[in-house]
Structure formats: structure tokens, C-alpha cells
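Once you know that position 11 of the sequence shown is 11 in this note's numbering, the rest is easy, because the numbers rise by one and skip nothing.
In case anyone wonders, no lab produced these hints; they're calculated from the structure. Worth double-checking, as some hints may not be accurate.
Below, a list of computed lysine to aspartate or glutamate pairs in the EDC-like style, where the Cα atoms sit at most 16 Å apart [stated by the list, open to error]:
{"id": "1", "residue 1": "Lys132", "residue 2": "Glu99"}
{"id": "2", "residue 1": "Lys151", "residue 2": "Glu130"}
{"id": "3", "residue 1": "Lys8", "residue 2": "Glu80"}
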Amino acid sequence: AISYLHAKNIVHKNLNTKCVLVEKERILVQDLGILDLRLLCYNYGGNKKLKIPNGLLTSIPPEIIRIIKPSIKVNEIQFEPKSDIYAFGTLWYNLICGEKPYMGSCPEAIIRKIGLGDLQSLYRINSPKEFKNLLIIMWSYNKNKRPTASKVKEILNNLPKQMVGRSPSQPLHAKSGI
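Just need the whole structure built from these sequences, with the hints factored in.
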């Protein structure tokens with residue numbers, strides 16, 4: 001779905017698990033490009049604050065995390081296809097790990113970690129190394145090192161089908177039911 005959007009020069013800007021729907025064998029993406037960080041600003045006791053909705057913070061790439069502040073003008077925030085790839089990396093982490101990255105961390109710690117490029121530890125991921133390698137390149141601190149959506153699609157399509165849905169400790173030709 002993201003590959004299709006990027007081919008049409010559309011950047012999603014808000015890719016997360018809440019906007020991805022699975023219908024039979026089709027993936028549907030909703031909420032296209034409606035994220036406006038200005039709308040997330042509010043006054044609290046005379047001070048401007050920025051409130052990022054729960055679950056969205058870990059999908060914002062480092063290059064945007066580093067510049068976000070309540071006084072920022074919306075045209076100063078440049079979401080681009082590589083921003084969506086970072087967000088897809090977060091979605092991928094959710095899928096293969098079963099939880100959000102940085103679980104248990106306060107928002108300030110998450111902002112600091114993402115802004116500095118301190119990746120979520122991958123030790124809890126019980127998936128093949130190819131899954132982790134894909135995550136690492138999608139979460140690349142340098143946006144220019146992130147793959148395109150079509151490259152991610154190609155990588156996903158080339159993952160051996162035996163790997164999907166099995167633990168790395170499970171043999172490829174294991175018989176079930178025993």
C-alpha cells in the first residue's frame with residue numbers, strides 16, 4: 001500500500017497500526033496525510049505544549065523528532081517518503097515483536113532515544129535475522145540510508161515463505177502435531 005502511495009507522490013505522514021487494515025489478502029491504509037503537527041499544540045498554563053497522540057511518537061523519524069517544538073511552523077516540517085519508511089519500521093516492529101517499541105519508557109526518553117538514533121533493542125524479537133535486518137535499515141538514523149517502499153516490498157516478497165510464522169529456533173522442515 002505504501003509503495004503504491006509513494007509511486008503517486010503521496011506521503012502518508014501518519015503510518016501506524018491504527019491506520020492499517022487487513023481485509024482477506026489486501027492491506028488497506030487509511031488517514032492519508034492528515035497529520036498536522038500544529039493541531040497537536042495547545043496552551044497549558046500559558047505555555048505552549050506539544051501533545052503527540054499515544055502510539056504516534058515512536059513512528060516519527062529522528063529528522064523530524066529533532067525539529068519538533070510547539071512554535072514550529074507547519075511548512076518547516078518536511079515529511080517525505082523516507083519518513084513513511086521509518087514509520088513502517090515501527091509498524092514492522094509491532095508485527096514481529098507483538099508490542100510497541102520503547103515500551104515502559106516515558107515520552108521524553110523516547111524523544112531523546114529516537115532523536116539520538118538510539119535504536120530499540122532487538123533482543124526480544126524472536127524472528128529470523130532477515131526480519132531484524134529489514135527493521136534496522138527501515139529505522140536507519142540517516143534517512144538517505146532507508147530503502148524505498150518498492151525496495152521494502154521487494155525484500156518482503158523475497159523472504160523465504162518458510163520463515164513467515166515460525167520461530168528462528170524451529171527447523172524449516174519440522175512436522176507439526178508432535
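How the hints compare with the structure:
no.	hint	in the structure
1	Lys132 - Glu99	holds (15 Å)
2	Lys151 - Glu130	holds (14 Å)
3	Lys8 - Glu80	holds (13 Å)
The earlier numbered hints are all upheld by this structure, with none contradicted.
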